[in-house]
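Sequence lines, in order, name chains A and B. With the working numbering applied, the first sequence corresponds to residues 1 to 139, in that order. With the working numbering applied, the second sequence corresponds to residues 1 to 139, in that order.
Hints in this document: simulated from the structure, not taken from any laboratory. Don't take each hint at face value.
SDA-like cross-link-like pairs, simulated, lysine to any residue; straight-line CA separation at most 25 angstroms [what the hints assert, rightly or not]: (1) B:123 x B:59; (2) B:123 x B:32; (3) B:123 x A:85; (4) B:123 x A:78; (5) A:123 x B:77; (6) B:123 x B:93.
Examples of chain B residues lying across from chain A (beta carbon under 8 angstroms, computed) [as the list claims (entries may be wrong)]: (7) 23; (8) 29; (9) 73; (10) 90.
This structure is a prediction, so every number in the text was calculated from the model and none was measured. Beta carbons: idealized from backbone N, C-alpha and C, even for Gly.
Number of protein chains: 2
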Amino acid sequence: MTMRLDEEQCRSRLGTAGHGVFGTVHAARGVDVVPVVWVFAGDRITIPVDAIKAKSGARLQRLANLDADDRGVLLVDHYDDDWSRLWWVRVHGRAVEAVPSGEELDALAAAFPAYRSRGAVTKTIVMAVDTITGWAAGG
Amino acid sequence: MTMRLDEEQCRSRLGTAGHGVFGTVHAARGVDVVPVVWVFAGDRITIPVDAIKAKSGARLQRLANLDADDRGVLLVDHYDDDWSRLWWVRVHGRAVEAVPSGEELDALAAAFPAYRSRGAVTKTIVMAVDTITGWAAGG
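The following block holds chain A by itself, in its conformation from the complex (with noise of 0.2 angstroms):
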């Protein structure tokens, strides 16, 4: 037995912070995607862009594409080798480049240990929910 889960169900599931992949359109190759950490909170997924997983230096590409196109998507997907235990919970919305609130730099340190530095931290991508959908195998 397979379900589609419904709002409530798929925000219950999802928490209030996690790890998961976002995704975001690139003019070129179609679609990027990467894997992130988030909190999620008044209705927006908060997406850290820190200082530790350092990468190339440049821009982070996810952000020059959300200049060009806002429209981003976080998949967190629970797998199991037993596939009655898969479920994931999808989120689509529009998704902008921001400064950190204090309130979400203390949701960031109180989930993921790294953030606790001062500094950890300099911006953050916020989407908007607009539609969450999910899925769940078993029942």
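Starting from the known structure of chain A, fit chain B onto it as the hints suggest.
Same frame as chain A, but now just chain B:
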């Protein structure tokens, strides 16, 4: 320390089978992403379309998306609470619907027990590898 993986390292970490996230272009939503399993051989990523993790019955959105735009991406992401163990590998390419070969069915059955029953995999998405990139923390 973090490092960009070279192509050989990417292929080594990717291996011959696994699970990940597959992204396609959706005209209205921008990007669609779904969890998938896959096998990799002959420079082709093969993603089964199966009758087990059944969806809503209509033609799968990922196939409709590929009809309109064949650019696909697969992300294989290793997450760990210890961020020195993070890594990911990403494959971009052109993806098309296909009928599985006997070799592909054997590889899928070897990697995923649920695919051992005849008829479990009826078609596939095959992505010819264009570029592979990857990243690892630690070192």
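Taking the earlier hints as the rules, which of them does this structure contradict? As far as the earlier hints go, not one is violated by this structure.
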